[in-house]
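Student: Chains A and B, in that order, are what the protein sequence lines are.
Sequential numbering from 1 applies to the first sequence in full-length UniProt numbering.
Sequential numbering from 1 applies to the second sequence in full-length UniProt numbering.
Don't take each hint at face value.
Chain B regions said to be covered by chain A (calculated; three or more residues, Cβ under 8 Å) [said to hold, decoys possible]:
| id | region |
| --- | --- |
| 1 | 231-240 |
| 2 | 255-261 |
| 3 | 270-284 |
| 4 | 296-303 |
In short, the hints are calculated from the structure, not lab data.
Just so you know, even glycine gets a beta-carbon here, dropped at the ideal spot from N, CA and C.
Number of protein chains: 2
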Amino acid sequence: MKAIGADRVFTLDEGNLFYEYEREIPEPQEHELLVQVKAISVNPLDTKLRQTTPSETPRVLGFDAVGVVQSVGDEVTLFNEGDKIYYSGSPIYQGSNQTYQLVDERLVGRKPKNLSYNEAASLPLTGLTASETLFDVFQISSNPEENQGKTLLIINGAGGVGSIATQIAKAYGLRVITTASREETKRWSTDMGADIVLNHRNHLVDELKQHDIDEVDYVFCTFNTDMYYETMIDLVKARGTIATIVAFQEKQDLNLLKSKSVTFTHEYMYARVVHQAEDMIKHHEYLTDITEKIEQGIYQPTVTQVMQGLTSDNIYRAHQILEDQRMIGKLVINLEDEHANE
Amino acid sequence: MKAIGADRVFTLDEGNLFYEYEREIPEPQEHELLVQVKAISVNPLDTKLRQTTPSETPRVLGFDAVGVVQSVGDEVTLFNEGDKIYYSGSPIYQGSNQTYQLVDERLVGRKPKNLSYNEAASLPLTGLTASETLFDVFQISSNPEENQGKTLLIINGAGGVGSIATQIAKAYGLRVITTASREETKRWSTDMGADIVLNHRNHLVDELKQHDIDEVDYVFCTFNTDMYYETMIDLVKARGTIATIVAFQEKQDLNLLKSKSVTFTHEYMYARVVHQAEDMIKHHEYLTDITEKIEQGIYQPTVTQVMQGLTSDNIYRAHQILEDQRMIGKLVINLEDEHANE
């Protein structure tokens, strides 16, 4: 089987230090599935992990994957050989930039029947991040009627996470306001279901006032948390909640949260997995819900760009595109043609 | 009527700048009640407010009060003349260090029938702070069975807030671990219902390990948040929640919250009131629940020290005792004898 690895931290201007190598197909144990990977997507998190020291070399990056179950560990109960599945896996395992991969069944969902491998690959990591933020952090109700009248602001609505978060929040009854600045990102965010798209080149407090809104219940930051920290506190209601998925560059004044008794969470989709939380199976449940909504035509996949073939050049080029921070929706790499019979 | 005011910020080593003065008894409007104050309690928040510039002078400090409704505004629906009530009011109004006071009915509870004025005065501010932290921040269930197996750590269990938070958390099914170091504070915290009392002179991670516990679901800090910031993150489970009521002295690294996706809230009991939140009536509801639990013998008042008479000397001495940070339970000042017929 083929994998794309790298031996050390590198920046993209050092050139392409990813390389292709052969490794043994592993055996699944206990709750593990062995998956033949059909398509993957590349996330900003991949580019951040590339810049942290590997615990083993070569390190295989990649989270999102779609594939077919080849064999199962002896404690597996949720899936069978031949099942088509999707997942974003775990940083504890080698990643999805390879033709076969192990994954814990509790982190896996059944692939939506009405999506291609490429379309399905766009969803797991961003869908799980959005689901955890909405249901675990904001604790919105699973009953859309109970969320009526609540408003969510998503900073950077057209990115991968913003795109699926908008759809899930709308389906669960929230009013959704996003930010974008280019014509194409504004249009994309509206297509995803945003009720209002603010121009983040202007001050968001003023932008929001133009729509007669002073404050929102929830703020979800998917871009430059330092820049928006004080603005988010200005924009959230008393006892509201702010979540970010973007690490800070600087220390911050937590006393600013006091006057409105604001709740702040640094959402990290792998917290449950890394700390082996008892409720890891939430990832299976969230993906199952996304599959159902996709099959009912409520959510749409967020893929906007597809590369053909698992090559080190494609992985390198994908990292370049992601680091440019202008990506709309999701970038997918398809493995199927070349490796269908490996 | 008599009030204890001060005209400027002062530290206690400048001497006693509180003074007694006469003012007109005000008229209640709309949702306001006019209350004849019978007893008050003094909180650490009073000493902090004393050190912020007054927006009007003389400024009357004081939050907690127990008293009797004298007259009501024309929109009042919850209370009548003659009702015995308790509350911790609002920083928007002049405080409770006076013989008559206005308060918004939505912030008020009926005084527990089985408590004296002094006993009842110990409860509102600390009870509301604890209720908001448990129900709004930690979002524990109102059904104790659903909280079974969840653990709360309270840093400084024997203080005013810690004492009532322990009782409420126990009544709602949580396991409660507190910290204390002196023999008398350990005993007090155990009397309040703590299952385990850790010695905060030692490192809390080690202290907790001695009880075979690695992590807890919720951490509530009522003492020196800077000192405990990293320790609280170490001690909380993945996707757990930390709340503090103590302002930071320094900026902090919010990225430390990421690995476990920890939620952090700066609890401030007056956020709803200051920002005129639509659900201000929560304070009435929380006090009503506390009254019921007190009358059922489930909670006990936390008063440990009573001063007699509303005098500037008593207010000054109370601030000295609070600033010493060794207070167990609550300090109450009784007004009843001197002013019953004013």
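Student: Would you check chain A against the region 270-284 of chain B, counting CB to CB pairs closer than 8 Å, and say if three or more residues qualify?
Tutor: Satisfied; 5 residues make the cut.
Student: Holds or violated: the region 231-240 of chain B covered by chain A, criterion of 3 or more residues with Cβ-Cβ distance under 8 Å?
Tutor: n = 3 at 8 Å, threshold three: holds.
Student: Given as covered by chain A, does the region 296-303 of chain B meet the bar of three residues or more with CB within less than 8 Å?
Tutor: violated (count 0)
Student: Count residues of the region 255-261 of chain B with a Cβ under 8 Å from any Cβ of chain A, then say if the count reaches three.
Tutor: This one holds; 6 residues, not fewer than the three required, reach chain A with a Cβ under 8 Å.
In summary, the one numbered hint that this structure violates is 4.
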